[in-house]
Amino acid sequence: MRTLAVALLFLGAIEAVAADASGFEIADASREAFSRLYNDVTPAMREQGLRGRGLFRASWVIPPAADSAIVGLGPLYNQLSCLSCHPKNGRGQAPDTPEQAMRSMLVRLSVPGKGSRGGPLPVPAYGDQLNEQGIPGVPGEGRVAVSYSEIEVNLAGGESVKLREPHYRFVDLHYGPLPTDVLFSPRVGPPVFGMGLLEAVDEQTLIDLAAKAKPFGIKGRLNRVWDAEKRATVVGRFGLKANVATLKQQIAGAFIGDMGITSPLHPQENCTAAQAACRQVASLQQPELNSERLESVLTYLRLLQVPARRHRDDPVVQTGEKIFAEIGCAVCHVPTLTTGDFPQMPVLSAQTIHPYSDLLLHDMGEGLADGRPDYAAGGRDWRTPPLWGIGLVEAINEHSQFLHDGRARNLTEAVLWHDGEATTSRQAFIDLPPAKREALLAFLRAL
Amino acid sequence: MRLAYVLIVALWSVFVEAKESVTVLTAYPEEVVSHFETAFEQTHPEIDVQILWRMPNDALPYLSQPEQGGVDVYWSASLRTFQALKEQGAWRKLDVTDQGLPTHLGALPLADRDGFYRTTEMAGYGFALNPAYLKKHQLPVPTDWKALADQRYQGHLALPVPSKVGFAPMMIDSVLQQYGWDQGWALLAEIVANAKPVEAGSTFVSDMLGSGERGIAPTIDFFTASAIANGAPLQFSYAQPVAYSPAHIAITQASKHSDAAKQFVAFVLSEAGQKLLFHADIRKLPVRPDVYGAKPADYFDPFAASLAHPVVYDPETALPRLGLNNALFDAMFTEHWSRVQALFERLRQWETRGGDVGKAHMVRALLTTAPISAEQVHDQNLQVLFAKRGGDASMEAKGRQWSEAMHQRYDEAEQLLNAAAQP
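Chains A and B, in that order, give the protein sequences. Note that the numbering used here numbers the first sequence so that position 369 is 369, with each residue one more than the last. Note that the numbering used here numbers the second sequence so that position 67 is 67, with each residue one more than the last.
There is no bait here: all hints are sound.
Short, incomplete list of chain A residues facing chain B, as computed with Cβ under 8 Å: (1) S30; (2) R31; (3) A65; (4) Q100.
Read the hints as simulated data drawn from the structure, not as lab findings. Ideal Cβ positions, reconstructed from N, Cα and C, are used throughout, including at glycine.
Turn these sequences into a full structure, and let the hints guide you.
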């Protein structure tokens, strides 16, 4: 653990900046803006958060190893660190060519039908996610090659935009062909800050948001998912289809799904019956991420602050904000929510937050559909992704890819992929005079 | 759309020949590795890189396994591991083009003399600073270790404990090598008197600097350089002449993908690979002098710096005694930290008041002299004893003996100071 701790020595260096901020919103536009920890907590909680930070940033290792805190990678996995898919706590990106590996992206798998709790049915030989890598002696499951074709969209004022439509090809499959009716959903790692605040929004708020009448043909509905801890069906809010009940379950699911790390919530390694070598690998300890360390990661993510809006006094940004509301973006990308009573971490209670999300599912049309239902979310449904911090992605993550599979190469393309319930808003964006469209984009860049 | 997806899978799900692969074992964090993986893939799309991570002290047993654990390339800042595995015959001779790759930077070797491994990058030691803190306390920027011994820095430093913090043993040893055994320990004692100890797992150095708890921390450069490049309001001052910790790369004898391994090594050492080290999330020092022409503004150039201050620190000669140094540091300081500070404070006050110079020298000698001499530190049996990881009873006994000796010296120093305080 010594090296891990040493590697972390300077990670908190710019927290001095955070000292000027209030609440969970922080005035910071540096490349560490997604990694600020809320400091006004007990020393014990801060220590726990820092331990969680270490685990989140650690590269996990395969046994045998001296440091038992980070042992347990695989046997099958996608990446060896949480940071791989959430670089600098921000957005991953999609490969640009078929030869490039998915370094911060994964592909969910299932076959038609529902499991006993209502979730997707895993593919018998591969499970619910393609793990591209295996530890030595265990073949990885295969790779996904991405290529793109282009679709041209003409905007008012004469501008033309080329959207890239992704096409996926499974290659090097080591455990037999995929079923012909396989359903799959490519996912780029989303930002991880502000998740504690989203967790602290109470369920009734989401129920009310879903019930509220909305203009422009927009609906919005709740996903209902299985809560493995409560042993009950509850409102889902995490995951790109709001398909996970709690942040803790989201974390534990990512550990087992992406890195093959077992935890109290997922005590079994992710090996299918067809994966003999995977099943024969001996574990050093079970679970590999014990309850205390899982709680540390949970505390870390809950304490991550959110970058505040910038350039509020800029008239162009102000114009963009008005257009954002006028053309209906703000109906789903709800600017302001208030967190409820959150006894698990009281500092998250009663916070006014600006996620630009309603955490509801919306039909986004055929263009973005993955065709893979997940609990009550259909193949065209996606949860409204929070937009907070979206204007810093380019500086922090050194790319400007957006949407669930990174197909959009900039914010304009991201807006133009909207369809379904967002058809009216998308058309309004297309019809905007160039200066107003630019103002809207300036507003987004200021988030 | 779902039908379209199904069709795509049906048409395109194929078994194809797997790409050539290379398995790289490293201790570098994701931020470093991901940049090299991505760039290597762009240069060599026919080769798939698999990364395995292992702490430096854990790599030796892993690479000593049958088939060397399936590893093709080892890349890490762990000279000890490279040397130990070389003795086991674990490496192949590197077949790389030397053009543009120097063999030395002053006293620092940049390649194994027998050609089994090469330095890929360096990290330099110096002082991380909080400029606002220095301004507030009207403290000058230190440029060498001697400056930190000045009592005006009392209460303003954070010093990593070498037995606890991975990069610190070489940093502490560089002081001993640069200033000599006796003067080096004397300097370290005065610095300890000014510093708060930093141990892994407790409050981090950066937290201390960022929060304003302390203003200066001796450390290795890239943590701070990367933080600064990411927006941190910090500075870094290199301790001249700079001591460097080198990282190396080697190909395993058991490699089943030696061609791919060679390609990976060549890429890391290439101009393109070396320039990746400039990235804000990496900030290591390339070993190719020619790439510094493309360095970011204010980036440190060790080759240019060595013209004015030639590099004198050789980590290879230091390795055998690092464990011994750590044990001495603990016996002298770590186990008596607050007492050392209290005694120095009294001594400095006494000197300020114009106390007896001779007696002050006696007290200072008691506080700053190592329990063993410069000659004894070359005792191979002693070095081997403290080179063991995890320790054993005889090592612990020796450590206790030194600690007790220091305890008695501190008692003696206290008595002298008490006597001096009598009217």
